[in-house]
Amino acid sequence: MENKEWAGEEMSLQRFSKETPFAVPAGYFEEAGQRILSLVNIEGLKTDDTAQGFAVPADYFENLTNNIQSRINIEAAADPNEPSFAVPQGYFDQLSANIQSRIAIEDAANKEDIGFTVPAGYFDNLQQQINSRIAVEILQKEPVFEVPENYFETLNKNILAKTTGVGREEVIRKTIVRKLWASNTFKYATAACLALIIGAGAFLRNAQVPQPVEHQRSYLHSQLSQIPADEIKDYLELHIDASDNRQLLENANEEQINTDALSQDLQDYLDVN
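Heads up: the sequence shown at position 117 corresponds to 117 in UniProt numbering, and the numbers run straight through without jumps.
Everything labelled a hint here was simulated from the structure, so no lab data went into it.
Worth double-checking, as some hints may not be accurate.
What the hints assert, rightly or not - Cβ-Cβ distance ranges computed for the label pairs, FRET-style:
#: 1; residue 1: 87; residue 2: 110; range: 20 to 30 Å
#: 2; residue 1: 162; residue 2: 196; range: 53 to 63 Å
#: 3; residue 1: 101; residue 2: 74; range: 32 to 42 Å
#: 4; residue 1: 87; residue 2: 134; range: 47 to 57 Å
#: 5; residue 1: 125; residue 2: 73; range: 52 to 62 Å
#: 6; residue 1: 160; residue 2: 140; range: 35 to 45 Å
#: 7; residue 1: 89; residue 2: 109; range: 26 to 36 Å
#: 8; residue 1: 41; residue 2: 64; range: 20 to 30 Å
#: 9; residue 1: 125; residue 2: 85; range: 52 to 62 Å
#: 10; residue 1: 101; residue 2: 122; range: 29 to 39 Å
#: 11; residue 1: 138; residue 2: 74; range: 49 to 59 Å
#: 12; residue 1: 101; residue 2: 125; range: 36 to 46 Å
#: 13; residue 1: 103; residue 2: 138; range: 48 to 58 Å
Yeah, the Cβ is synthetic: ideal placement off N, Cα and C, and Gly gets one too.
Use the sequences and the hints to build the structure in full.
This is the structure in structure tokens:
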């Protein structure tokens, strides 16, 4: 029940109207508790650390105008009729193949084998290979074919000199005489073979004519001892070579020696010397 006698209780209140001077919105007190809790939460956020509240990037407000203008330009350039999301032509037709390829790539990437390998000892010879490559590059930059100085100026003269023989120097070459058999051992072996053949021929010749002389080898030895060794060596060097020795040995093995001719040659040589 409204109390209207308050004006008589205090003289200072008589100058106010008897109508209620203070009024609140409808439902003020019903929502007062919720508003008080909201104000308490707001005050608590203001007193907390600013990092837990709302923060903006550095220079946000300085760049705000430019960002807004850029956004406006993007919106203006974008065609509102075009769809926001688009895929290439035939995307869904090739989707299965693309997914399968991606799976194969992932399987290959997850294997333990290393994708990139180098040959054995690659890094051991790397420095040498680099130096070799540098040397090859340097050689390729230099001229490959060169001719002596004034080569083309004297070319005609050199050709004429070689074709006509003008200015050709005569070179005297000494003939080098090389002995086919220089071994002393072979000479002695040849002399022994020759002595054996001569002795055999003389023996066969004497065997055809009976002689009263009784001896075995003393006559042959005496005849051979009368021939100087130097003469035998000179005869062998002038008239006997390797092919003759081989032929004589083959004939001796086959027992086809012409004793008469051999004895006659020996006798002629003894008469001359």
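Structure-based check of all given hints:
1. 87 - 110: 20 to 30 Å: Because 29 Å falls inside the window, the suggested range holds.
2. 162 - 196: 53 to 63 Å: At roughly 59 Å between Cβ atoms, residue 196 and residue 162 fall inside 53 to 63 Å, so the hint holds.
3. 101 - 74: 32 to 42 Å: Since residue 101 and residue 74 have Cβ atoms about 35 Å apart, the given range 32 to 42 Å holds.
4. 87 - 134: 47 to 57 Å: 52 Å, holds
5. 125 - 73: 52 to 62 Å: 60 Å, holds
6. 160 - 140: 35 to 45 Å: 38 Å, holds
7. 89 - 109: 26 to 36 Å: 29 Å, holds
8. 41 - 64: 20 to 30 Å: Roughly 28 Å apart at Cβ, these two residues keep to the hinted range, so it holds.
9. 125 - 85: 52 to 62 Å: 56 Å, holds
10. 101 - 122: 29 to 39 Å: Hint holds: Cβ distance 32 Å, inside 29 to 39 Å.
11. 138 - 74: 49 to 59 Å: Since residue 138 and residue 74 have Cβ atoms about 57 Å apart, the given range 49 to 59 Å holds.
12. 101 - 125: 36 to 46 Å: 38 Å, holds
13. 103 - 138: 48 to 58 Å: 50 Å, holds
The structure fails none of the hints (numbered hints given earlier).
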